[in-house]
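**Q** Sequence:
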Amino acid sequence: MVWIDTDMGFDDILAVMMVAASSKPIAGVSLVFGNAPMDAVRANAAGAASLLGWRFRIHTGAERAILGGVETPAHVLGPTGIPTRERSLPEADALPRTDALAALTAWLEGLDAPGEILALGPLTNIAILSLARPDLISKIASVTWMGGGATRGNHTASAEFNAFADPEAVAIVLASGVTLRVADLDLCRQVLVGPEDVDTVRAVGTSKAEILADLLGAYVDIALNSGRNAMALYDPTAAAAFVAPDAFTFQEAEVTMELAGTHTRGRTIVDQSPRAKPNALWGMRADARRVRALVLDALVEAARA
1 MVWIDTDMGF DDILAVMMVA ASSKPIAGVS LVFGNAPMDA VRANAAGAAS LLGWRFRIHT
61 GAERAILGGV ETPAHVLGPT GIPTRERSLP EADALPRTDA LAALTAWLEG LDAPGEILAL
121 GPLTNIAILS LARPDLISKI ASVTWMGGGA TRGNHTASAE FNAFADPEAV AIVLASGVTL
181 RVADLDLCRQ VLVGPEDVDT VRAVGTSKAE ILADLLGAYV DIALNSGRNA MALYDPTAAA
241 AFVAPDAFTF QEAEVTMELA GTHTRGRTIV DQSPRAKPNA LWGMRADARR VRALVLDALV
301 EAARA
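Under this note's numbering, the sequence shown has 92 at position 92, and the numbering climbs by one with no breaks.
Since the hints were derived computationally from the structure, they do not count as laboratory data. Hints should not be assumed to be uniformly reliable.
Stated by the list, open to error - DSSO-like cross-link-like pairs, simulated, lysine-lysine; straight-line CA separation at most 27 Å: (1) K208 / K24; (2) K139 / K24; (3) K139 / K277.
Model the full assembly from the supplied sequences, consistent with the hints where possible.
**A** Here's what the structure looks like:
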């Protein structure tokens with residue numbers, strides 16, 4: 001079984017859809033600030049659950065970073081964390097405000113065999129778990145995280161957003177001893193989605209397809225408005241590394257999180273030299289065609305349902 005930890009932007013929703021379409025049962029979902037403040041993240045999760053018929057429980061987690069503060073990419077994604085061309089997620093009743101740490105702890109305690117975690121936002125919830133219940137780390141087979149960047153950032157010149165939003169949380173998770181598989185910016189940028197994919201979803205012809213096409217279109221527009229002809233599939237690539245691990249190559253690495261640099265705070269330093277002391281598995285290559293097909297298949301299947 002898998003637990004999904006997410007800040008519920010549109011690419012997070014795609015990632016959850018991919019897991020839901022796979023043979024991996026979803027034990028629960030915990031929310032974390034990131035793409036937007038928690039109130040918007042909760043509203044996005046409620047709307048996605050209503051649109052897509054999700055039945056798993058969704059729990060409210062960390063609303064701010066370990067050291068306080070809430071960083072969001074509002075300058076790119078707007079106040080809700082999910083831009084759209086026109087149609088949006090439906091309004092839905094507010095989610096019950098159940099505690100993510102309590103729910104995640106109860107799930108791990110009840111497992112007969114280690115479970116897996118797919119983390120798609122800042123690692124704050126996972127860091128809090130590792131500090132509060134270090135005895136449960138052995139119950140986690142692996143954490144697959146979309147975050148970091150070996151070469152450059154996207155929120156700053158040095159830092160990827162999920163890392164920059166709570167670098168202390170990343171450092172805590174790296175020190176916890178959990179098996180961490182990282183799908184970083186460079187890996188995710190190997191898998192692209194473009195305007196033709198928006199047309200494929202819209203061609204399904206359902207009202208749900210219209211909503212998903214408008215959301216996908218606005219996601220693609222992030223790249224088009226920057227002069228690029230396609231958008232990287234960030235969280236869906238991490239989900240693909242989870243549901244189809246044979247489509248990826250990971251290599252051991254010693255990963256260090258920069259916490260203090262004036263211009264480099266949030267940077268992931270990746271050492272794969274002979275002197276390195278590995279504490280993570282770093283994504284190197286993805287079968288881009290296969291991953292893209294998994295994403296589009298999940299979108300079209302959801303649009304038809």
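**Q** It remains to establish, for every hint, whether it holds in the given structure.
**A** Consistency of the hints with the structure:
1. K208 / K24: holds, 24 Å
2. K139 / K24: holds, 17 Å
3. K139 / K277: holds, 23 Å
Hint violations for this structure: none, all hints satisfied.
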